[in-house]
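Asker: Spelled out, the chains give:
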Amino acid sequence: MRFTINGREVEAEFDVRTSLLDLLRDHLGLTGSKKGCNQGACGACTVLVEGERINACLALAAQYQGRSITTVEGLATGGALHPLQRAFIEHDGFQCGYCTPGQLCSAVGMAGEVERGVPSAVTADLGAEAIALDRDELRERMSGNLCRCGAYNGIVEAVSATFAGVEKST
Amino acid sequence: MSLAEQAMKAAIRLAPESWLPGGTPDPLAARKHGALGAPVSRVDGPLKVMGQARFAAEVPLPGMTYAALVHGTIARGRIAALDTGAAEAAPGVVLVMTHRNAPRMKSPPVFMSAPKAAGPSDLPVMQDDEIHWNGQAVAVVLAETPEQADHAASLVRVAYAAAPAVTAFDEAKRRAHPPASILGEPASLETGDAEAALRGAAFKVDRTYRTPRYNHNAIELHAATVTWEGDTLVVHDASQLVDATAWTLAQVFGLREDQVHVLSPFVGGGFGGKCLWDHQILAAAASKLAGRPVRMVLTREGVFRLVGGRTATEQRVALGAKPDGTLAALIHTGVAAMTAHNNCPEQFTFPARHLYAAGAIKVSQLVADLDMLANTFMRAPGESIGTFALECALDELAEEMRLDPIELRRRIEPEKDPTTGLAFSSRHIVEAYRRGAERFGWDRRSPVPRARREGDWLIGMGVATATYPYYRMPGGAGRITLSKDGRATIEVAAHEMGMGTATAQAQHVAERLGLPVEQVSVSYGDSALAGTFLAGGSSQTASIGAAVIAAYDALVAELLKLAGNDSPLAGLKPDEVEARDGGLCRRDEPGRRESYASILARAGREAVSVEAEAPQPLEAQKWSMHSYGAQFCEARVNTVTGETRVSRFLGSFDTGRILNPKLAASQFRGGIIMGLGLALTEETLFDERTGRVMNPSLAEYHVPVHMDVPEIDVIWTDIPDPHSPLGARGIGEIGITGVGAAVANAVYNATGKRVRDLPITLDKLL
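Line order of the protein sequences matches chains A and B. For the first sequence, position 87 matches number 87 in the working numbering, and the numbering has no gaps at all. For the second sequence, position 424 matches number 424 in the working numbering, and the numbering has no gaps at all.
I should point out that these hints are in silico values taken from the structure, not numbers from a laboratory. From a predicted model like this one, the values you see are computed outputs, not experimental measurements. The C-beta atom is built at its ideal place from N, Cα and C for all residues, glycine as well. Any given hint could be a false lead.
[As the list claims (entries may be wrong)] Facing chain A, according to a computed beta carbon distance under 10 Å, are these residues of chain B, among others:
#1 R54
#2 G63
#3 Y66
#4 A161
#5 A162
#6 E220
#7 A223
#8 E496
#9 K662
#10 A665
#11 R669
#12 M694
#13 S697
#14 H706
#15 I712
Given these sequences and hints, build the entire structure.
Answerer: Printed below as a string of structure tokens:
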């Protein structure tokens with residue numbers, strides 16, 4: 001089966017029971033995406049499929065044939081870290097680093113959702129033209145990504161600093 | 001304690017300070033404006049944000065097999081029948097290992113039974129048909145792919161012959177008994193007659209507090225990638241004690257210690273949970289049986305079934321106060337659930353032994369033996385939940401006396417350690433309270449509960465003391481290698497699980513050697529490196545610190561030898577020189593110097609490498625060495641739903657010198673956040689009928705998420721400890737201590753409801 005992963009065409013043969021996460025980790029050697037529960041509860045496996053964030057542990061790899069997938073390994077471009085990656089280092093948005101790839105991919109996907117005007121559970125006005133990415137919006141939207149080290153303050157700082165100006169642009 | 005140990009203790013107390021480690025302050029402790037104390041970003045940060053940090057389950061090996069476990073479903077009894085036929089016939093299966101065909105192995109020496117013993121319990125691992133807890137591994141399936149292994153594991157059929165099991169805490173409590181010791185300390189001690197003093201006290205509270213089981217739930221699943229290279233066992237582990245794991249595995253498999261190599265360069269969170277458990281032993285056994293490498297990754301449920309957590313406790317705190325607000329009696333007693341096979345009595349009475357002055361003090365701990373998975377150390381074992389009981393009781397006493405809770409603590413501040421009589425090495429807890437109160441706005445708190453309301457929300461403030469002991473572990477050693485190009489490497493068999501160890505020690509070595517931080521690297525996470533370290537007891541900073549100092553002293557001596565008679569340093573003794581600007585100089589004549597590069601070049605050396613052992617940690621027997629803090633919480637409780645939200649939190653700490661404020665803040669916050677979980681959301685639900693954990697998933701065990709965590713303010717005194725390496729004391733665990741009580745006290749101040757059993761869930765407030 002063929003996939004586009006981090007901009008490169010990839011072909012792989014695998015057991016049809018294989019999850020997208022296991023395809024990445026065990027078959028393609030892309031171990032940046034992490035396995036923390038394999039049940040969709042921790043968010044460590046978050047990857048982007050055509051820009052939308054999903055839990056790769058809950059996705060059967062076979063369903064994603066022909067799709068374009070971005071993992072943490074694909075966030076940096078041309079050897080330069082993504083601004084969010086730099087911000088995570090600067091604001092100490094991690095300790096052990098295990099949830100970090102999921103937090104990063106999730107935040108990139110989340111910024112896209114805000115930009116598209118997708119409301120969250122704490123969005124006061126569902127009909128608003130623009131959604132400001134304030135702390136509550138950010139924390140609510142990132143709550144699917146657990147961090148047991150408790151780097152939440154640093155993550156919020158890093159995501160805020162990176163996506164401060166992001167809102168629905170209509 | 002043996003007579004020899006008692007004599008040793010007495011000798012240390014009488015010995016002049018200068019004879020002991022820590023007798024003279026580390027000159028680096030007071031040095032400002034250098035690498036120490038700078039907010040350096042994590043040295044392993046780039047690897048982690050790029051997804052390039054390789055964890056235990058990510059090490060590729062040729063010919064790998066994948067393991068899946070079958071867990072037992074009764075608490076006590078025997079395996080009556082075992083059918084592995086269907087599993088063995090399933091596609092891709094390499095083998096199924098059970099007690100019938102597992103290699104013969106010795107039981108792991110249980111923790112504290114020998115200096116490097118790391119066994120979670122002394123139970124044999126898959127050696128017989130006996131079942132000791134609900135969830136014990138009864139079969140290991142190895143297959144060519146993880147999917148094949150998982151499927152085949154589902155085909156193993158097991159029948160059990162159940163035996164009577166003790167799985168209810170109340171039943172076990174009836175046969176509770178004192179443990180032989182609590183981490184080497186007596187299980188009970190008493191100064192004066194505390195019960196009599198309590199009876200005669202003007203004000204008193206006498207309460208029972210209960211804390212549940214908790215699980216570490218590091219996000220990285222426990223994993224080991226294992227292979228045998230001839231007679232050498234190589235374990236790529238997620239470990240916070242590589243050296244002790246290697247030694248213990250050597251005992252299990254009848255090998256020499258140097259025939260076991262444990263590597264753990266990255267650990268996806270530990271908190272006490274990433275130690276030696278059955279899965280590494282089973283992976284090594286299965287690999288031996290198959291003659292192929294094995295990757296064993298526990299499922300999240302498997303982590304709950306096979307890796308112990310913090311145990312349940314029932315604690316009594318009784319306080320008797322005199323009219324002047326000093327304590328006549330302080331009593332802290334209780335029971336912790338344990339098993340007959342492990343050694344982890346959850347030292348919840350430790351805070352009461354060292355925190356406050358009282359006319360009479362009584363502490364006593366019992367353990368109640370259950371048929372359950374061995375409990376273990378989890379971030380601030382003892383102190384986290386011990387401070388919950390003690391600091392809630394103080395809050396209750398303060399209200400009884402109509403005294404501000406901070407003022408009460410000021411009045412019971414001791415002059416020396418109340419039970420050991422030792423002088424404190426450094427204690428600025430009153431200052432921590434003063435600074436915290438000012439910054440948090442404590443003066444805005446109403447002493448009367450239910451005084452502040454916004455709509456449906458009642459708002460209250462609470463405070464509690466944080467405390468954690470200073471530990472430096474014996475066995476520390478380090479190797480420093482200094483090369484001609486001015487680069488230094490320190491090698492220690494220590495661990496980096498996100499605490500910032502590698503970064504802080506790079507700063508330390510840089511400052512110690514007079515080099516830029518960028519020219520220093522730290523190697524760790526490998527049992528073949530120098531020394532024995534434990535990423536536990538918040539001990540690594542001091543333990544590595546002392547090892548680096550020892551190695552530095554050896555390095556200076558070696559460099560002076562290499563410098564010879566043609567050097568400006570000729571004739572100087574090690575204690576007459578210091579490191580500065582990439583070389584050594586005479587301490588009182590800095591112009592008389594020679595660079596490392598020059599010394600090595602003249603000697604014709606590419607590099608110089610020395611290894612040295614740290615002295616025994618005797619300082620902790622000479623002084624009462626502890627860290628302190630004041631935890632301030634503002635909680636909002638919804639009057640309709642009973643939901644509690646923490647809206648503000650401040651930790652004000654007194655933990656010695658802070659080596660890196662950026663990473664230290666993260667450590668403090670991380671501890672506090674785990675404390676919020678302990679207080680409000682977390683509980684391992686244990687079915688007292690069957691002994692089975694009922695919520696073995698992150699969906700049903702609720703660790704705090706982004707939305708549960710406000711911005712957490714942390715401040716510190718930064719006053720160096722005169723008796724510790726670098727003037728620092730460890731900070732990994734103190735953050736969680738006191739948080740449970742600060743939250744409970746805030747909830748009481750908000751609602752007038754006193755919850756004495758954790759977690760404070762909404763049903764307890766409605």
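Asker: With reference to the structure, classify each hint as holding or not holding.
Answerer: Comparing the hints with the structure gives:
no.	hint	in the structure
1	R54	7 Å, holds
2	G63	14 Å, violated
3	Y66	8 Å, holds
4	A161	33 Å, violated
5	A162	29 Å, violated
6	E220	4 Å, holds
7	A223	9 Å, holds
8	E496	9 Å, holds
9	K662	5 Å, holds
10	A665	7 Å, holds
11	R669	6 Å, holds
12	M694	16 Å, violated
13	S697	6 Å, holds
14	H706	4 Å, holds
15	I712	6 Å, holds
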